[in-house]
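**Student:** Sequence:
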Amino acid sequence: MTPRVSILIPCYNASATVERAVDSALAQTFRDIEVIVADDGSTDSSLAVLERYRGDARVAVHAEPHRGGNGTRNRLIELAQGEFVQFLDADDELDPEKVEICLAAFAPGIDMVYTNHRVRNGRETIHKRLPEPIGDMISYFVANSVAIHEPLHRRSLLVGAAGFDESLPCCQEYELHLRLACRFWQGMKHIPESRCTVYVTPGSVSSNKGRIFSTKARVLLKFLGDWQDAGIVDDRRRKAVAEELLGCVRQLCFAGRDEEALELFSKVRRLSPATAYPGKWPLRLAVRLVGPVRAERARTWLTGRGAKS
1 MTPRVSILIP
11 CYNASATVER
21 AVDSALAQTF
31 RDIEVIVADD
41 GSTDSSLAVL
51 ERYRGDARVA
61 VHAEPHRGGN
71 GTRNRLIELA
81 QGEFVQFLDA
91 DDELDPEKVE
101 ICLAAFAPGI
111 DMVYTNHRVR
121 NGRETIHKRL
131 PEPIGDMISY
141 FVANSVAIHE
151 PLHRRSLLVG
161 AAGFDESLPC
171 CQEYELHLRL
181 ACRFWQGMKH
191 IPESRCTVYV
201 TPGSVSSNKG
211 RIFSTKARVL
221 LKFLGDWQDA
231 GIVDDRRRKA
241 VAEELLGCVR
251 QLCFAGRDEE
261 ALELFSKVRR
271 LSPATAYPGK
281 WPLRLAVRLV
291 GPVRAERART
301 WLTGRGAKS
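Residue 1 is where the sequence shown starts when you use this note's numbering, and the numbers rise one by one after that.
Don't read these hints as lab results, they were simulated from the structure. The beta-carbon is built from N, C-alpha and C at its ideal position, and this holds for glycine as well. Wrong hints could be hidden among the right ones.
Restricting the straight-line Cα-Cα distance to at most 25 Å, the calculated cross-link-like pairs of lysine-lysine (DSS-like) are [unchecked claim]:
(1) K209 to K189
(2) K222 to K267
(3) K189 to K128
(4) K209 to K239
(5) K267 to K128
(6) K128 to K209
(7) K189 to K267
(8) K209 to K222
(9) K239 to K267
What follows is a list of derived Cβ distance ranges for each label pair [claimed, not checked]:
(10) D229 to Q81: 13 to 23 Å
(11) N13 to G122: 13 to 23 Å
(12) P108 to D44: 23 to 33 Å
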């Protein structure tokens, strides 16, 4: 019998954590599931660890040639049989009620249901809370990055959108959700509860801030160009893109990528001068006098001094 929900787990050199991920998938209170793990050419003992599940009819393990995370996710979409898809990385986990809660919220006109998530970094647990989706859907997904584990998707829409962009080293869910919001989704539902856990370790994709925000800026600029060509850029969307790009400028400054930050700032300034020169006049003056990189570093330094005094 075809399962209702497919839980899809890409795995690459995750022998230390993949059991935790698979076990959290199998612990779902909604039982009509299949769990598919695609090993992306691991060079560690991941496949040996996954042998534990050989006798479990709910779990299918596929050994694939190495093609990267997004290529492996696309392969998993091809393998899935469920009406709905839940993604899960091999070093993270789902709460037991995650699928059941999301599935219960689906209704006609709802194409994605998503929750919040928590981040554990070895020192503390941080709850990442998304705002309610009101107003323009495209502007919402420009301003809010929905993590890959948070949504339950209709599989047919993922297939129709041709899955993930395999050229991206990160930000793949950000790009996918923007693409779906532009072309496929009718509506979405947000459940304001943390129902999945992301583990961040030094050196992981999630910890490489410079690469993340450089890629995010590239994604946004591509969408902006497409929207301008299609004539669907209004003031609200222009402002949303400019604000996110300015956030990328700041993060690139922190990562020491000054030339990239300056180049991106010039694009923000052309797109929305009011965003490039924010409202507080001392910061506006500093940006004009010494440039965005030095102004941002001075702001950070002064903020730190104020916190210590």
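**Student:** Holds or violated: are the alpha carbons of K189 and K267 at most 25 Å from each other?
**Tutor:** Answer violated: K189 to K267 is near 33 Å, above 25 Å.
**Student:** Going straight from one Cα to the other, do K189 and K128 come out at no more than 25 Å?
**Tutor:** holds, 17 Å
**Student:** Compare the distance between the alpha carbons of K222 and K267 with 25 Å, and conclude whether the hinted pair is satisfied.
**Tutor:** holds, 13 Å
**Student:** Holds or violated: K209 and K239, Cα atoms, limit 25 Å.
**Tutor:** It holds: about 23 Å lies between the C-alpha atoms, which stays within 25 Å.
**Student:** Does K209 lie within 25 Å of K128 when you go C-alpha to C-alpha?
**Tutor:** Holds: K128 and K209 sit about 17 Å apart, inside 25 Å.
**Student:** Does the alpha-carbon distance linking K209 and K189 stay inside the 25 Å limit?
**Tutor:** violated, 29 Å
**Student:** Just tell me: holds or violated, for the beta carbon distance of P108 and D44 against 23 to 33 Å?
**Tutor:** About 45 Å separates the Cβ atoms of P108 and D44, which means 23 to 33 Å is violated.
**Student:** So does N13 sit 13 to 23 Å from G122, Cβ to Cβ?
**Tutor:** Roughly 19 Å apart at Cβ, these two residues keep to the hinted range, so it holds.
**Student:** Does 13 to 23 Å hold as the CB distance between D229 and Q81, or does it fail?
**Tutor:** Since D229 and Q81 have Cβ atoms about 37 Å apart, the given range 13 to 23 Å is violated.
**Student:** Is K239 within 25 Å of K267, Cα to Cα?
**Tutor:** holds, 13 Å
**Student:** Given the hinted pair K209 and K222, is their alpha-carbon gap at most 25 Å?
**Tutor:** Holds - the C-alpha atoms of K222 and K209 are around 20 Å apart, at most 25 Å.
**Student:** Does K267 pair with K128 here, judged by a C-alpha cut-off of 25 Å?
**Tutor:** violated, 29 Å
Hint compliance for this structure: hints 1, 5, 7, 10 and 12 are broken, all remaining hints hold.
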